[in-house]
Amino acid sequence: MIVIQDLCKVYHGGFGADTVALDGISLTVEDGEFVAIMGPSGSGKSTLMNILGCLDTPTSGQYFLDGEDVAQLDDDELADIRNLRLGFVFQSFNLLPRATVMRNVLLPLMYSTIKKSDRYERAYTAMDAAGIPEDLWYHKSNELSGGQMQRVAIARALVDDPSLILADEPTGNLDTKTGEHILSTFQRLNDEGRTVVLITHEPDVAEHAKRIVHVQDGKILSDEAVVQQRRAWEVSIDAS
Amino acid sequence: MRLDDVLEETAFSVSSNKVRSALTILGIVVGIASVIVMVAIGQGAQASITNSINQAGSNLIMVMPGFGGGGGAVRGARGSALSLTEEDAQAIQSQVQGVSAVSEERSTREQVIAGANNTNTQIMGATPAYATVHKVEVAQGQFIQPDNVASVARVAVLGPTTRDDLFGTDANAVGKRVRINGIDFLVIGVTVSKGGSGFNNQDDMIYAPLTSVQQLLVGDSHLSEISVEADSANDITSVEQQITTLLLSRHKISDPTQADFNVLSQSDIAATATTITGTFTIVLASIAGISLLVGGIGIMNMMLTAVTERTREIGLRKAVGARRADISVQFLAESVALTFLGGLIGVLLGIGMSAGLTAFAGISTQVSIPSVLLAAGVSIGIGVVFGYYPALRASGMNPVEALRYQ
Numbered sequence: 001m002i003v004i005q006d007l008c009k010v011y012h013g014g015f016g017a018d019t020v021a022l023d024g025i026s027l028t029v030e031d032g033e034f035v036a037i038m039g040p041s042g043s044g045k046s047t048l049m050n051i052l053g054c055l056d057t058p059t060s061g062q063y064f065l066d067g068e069d070v071a072q073l074d075d076d077e078l079a080d081i082r083n084l085r086l087g088f089v090f091q092s093f094n095l096l097p098r099a100t101v102m103r104n105v106l107l108p109l110m111y112s113t114i115k116k117s118d119r120y121e122r123a124y125t126a127m128d129a130a131g132i133p134e135d136l137w138y139h140k141s142n143e144l145s146g147g148q149m150q151r152v153a154i155a156r157a158l159v160d161d162p163s164l165i166l167a168d169e170p171t172g173n174l175d176t177k178t179g180e181h182i183l184s185t186f187q188r189l190n191d192e193g194r195t196v197v198l199i200t201h202e203p204d205v206a207e208h209a210k211r212i213v214h215v216q217d218g219k220i221l222s223d224e225a226v227v228q229q230r231r232a233w234e235v236s237i238d239a240s
Numbered sequence: 241m242r243l244d245d246v247l248e249e250t251a252f253s254v255s256s257n258k259v260r261s262a263l264t265i266l267g268i269v270v271g272i273a274s275v276i277v278m279v280a281i282g283q284g285a286q287a288s289i290t291n292s293i294n295q296a297g298s299n300l301i302m303v304m305p306g307f308g309g310g311g312g313a314v315r316g317a318r319g320s321a322l323s324l325t326e327e328d329a330q331a332i333q334s335q336v337q338g339v340s341a342v343s344e345e346r347s348t349r350e351q352v353i354a355g356a357n358n359t360n361t362q363i364m365g366a367t368p369a370y371a372t373v374h375k376v377e378v379a380q381g382q383f384i385q386p387d388n389v390a391s392v393a394r395v396a397v398l399g400p401t402t403r404d405d406l407f408g409t410d411a412n413a414v415g416k417r418v419r420i421n422g423i424d425f426l427v428i429g430v431t432v433s434k435g436g437s438g439f440n441n442q443d444d445m446i447y448a449p450l451t452s453v454q455q456l457l458v459g460d461s462h463l464s465e466i467s468v469e470a471d472s473a474n475d476i477t478s479v480e481q482q483i484t485t486l487l488l489s490r491h492k493i494s495d496p497t498q499a500d501f502n503v504l505s506q507s508d509i510a511a512t513a514t515t516i517t518g519t520f521t522i523v524l525a526s527i528a529g530i531s532l533l534v535g536g537i538g539i540m541n542m543m544l545t546a547v548t549e550r551t552r553e554i555g556l557r558k559a560v561g562a563r564r565a566d567i568s569v570q571f572l573a574e575s576v577a578l579t580f581l582g583g584l585i586g587v588l589l590g591i592g593m594s595a596g597l598t599a600f601a602g603i604s605t606q607v608s609i610p611s612v613l614l615a616a617g618v619s620i621g622i623g624v625v626f627g628y629y630p631a632l633r634a635s636g637m638n639p640v641e642a643l644r645y646q
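These protein sequences, in sequence, are chains A and B.
1 is the number of the first residue of the first sequence in the working numbering; add one for each residue after it.
241 is the number of the first residue of the second sequence in the working numbering; add one for each residue after it.
Check each hint, because a few of them may be wrong.
To be verified - Okay, the calculated bits of chain A under chain B, using three or more residues with CB under 8 Å as the criterion:
1. 53-66
2. 84-91
3. 110-116
4. 136-146
Stated by the list, open to error - Coverage of chain B stretches by chain A, computed from C-beta distances (three or more under 8 Å per stretch; other residues unrestricted):
5. 247-257
6. 610-622
Unchecked claim - Every beta carbon over 12 Å from chain B, so not counted as near; a handful from chain A, in silico:
7. C8
8. F15
9. D23
10. D80
11. A153
12. G172
13. L221
14. V226
Read the hints as simulated data drawn from the structure, not as lab findings.
Cβ coordinates follow ideal geometry from the N, Cα and C atoms, glycine included.
Model the full assembly from the supplied sequences, consistent with the hints where possible.
Laid out in structure tokens, this is it:
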């Protein structure tokens, strides 16, 4: 469960020009929710995402992740949280280009205490869950299509079996059809009980979530449940 | 992060950028190889000089006359004084403790003729003790015998080079005659080559009985050198002191600085030679060391480029849970792996080049184990030193900015 209270983030620019990215945001995300955070660029949604992902620390305010005050943690403890409890999916995939799919998926496990003998089992499960066909497992990741790459990134996010998946514009670099396939994967993961927080500026994408939070100028504009969740097309794995 | 994971990541990263890795380690390879070759050349020179000094005889002490010209202001050449006599030699033999053999010598240079050939060479007036003290062996015939000395015999033993000059390469000279200063000498032996070179070459020499040289060639009874063999290396210093004391009293000289003779041991010469070749080795190794330093800077440059180039990767690794230490260890391991690999190739190349220099260029080399170990250690050290800063930069990156880096 995520609880943030009165979260502020100020970037100190040169010549006294401070930028307020987040201006007192409070938000609670229950376990099992599928939340879309929407807003135009510069609204502070990416900053919010980075703080939620323990990649960045707030200037003021509090962030409790599963009841734990994240502000109290040091660098290494934050790294462990990112490793074990969070899964990231980025707009630009961020795969290791020369490495195989398998290697990319195994990457987070290298920084965990999971036994080497269990790692491949976990990777197979994650790749299945992300919908990566078996014949791609040992392909180089830069030989894949955009949709396939994003599936690898999802598998990588899933491999440590996190409770919270943070997706930053996961469909931003994909065409509409491929984007739908990726969104259907997120919906399936959410159906299986994982919490998904998705950042987007496209209303079409946001409608796939169960709840939409609008952010503008570092403040929450609106926070409402989606009346009719838009289900992505259930598609066969090969299509993407 | 487990050690095997670190090694796997390192192997992956080094091998996925083969050309660049190869070019980077080239600097280290050249540096390490040149250090090894240079040290091998220096050590080889040292070994061959020490060897040739020792070939002149072991535990050898040389007593030579001082400056000629008497007590006046004008000095003659060092060694030109006629101050050493056979009585001095006999006194050393009988009164100095720890002496195993004493060789009385009188040398001169003469034009030597044999048939149509002639040469100018050193004529060494020797006694049988010469062969013992100077480790001279005879290949054919015999060396100067006691009765040759007693009877002022006109016999000669040729060095192999002199034999070649006078009679042709490897010709049989024993039983033939050579003409020295107009006097015929019968060749009774040829010595075994000692492989010397330059002046005072023991292969380019004619040995004749001491008395014959003194009476027939130079016309006086002085000695040009007394060579003393000590019982053991430990006796050398004591024998040197005893000889000095004895000769000072025999020559009635109270001030040692006014001595009309010089006592020099082989170890003194060897020590001087070692100092010279040691300096030579250090100079060579320093020059090679500079190239190693340049190689190290190359590693740092490459690692810094890699850190910049892989900024997004670093951000990603941090996002999926890499700690600071994981990142720095990864980059440090990479630079150490590169330098270690470079060091390894460099050592092999250095050993190969040293062997090649000896085989094809005839330069004597000696690859020393310490220099190989040092080179290997230094190459790993370079990896740590020059990889540390890039690794620190990588681990200190802010993950948000690193992920956003284009």
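Hints violated by the structure (listed by number, smallest first)
Hints 4, 6, 10 and 11 not satisfied by this model.
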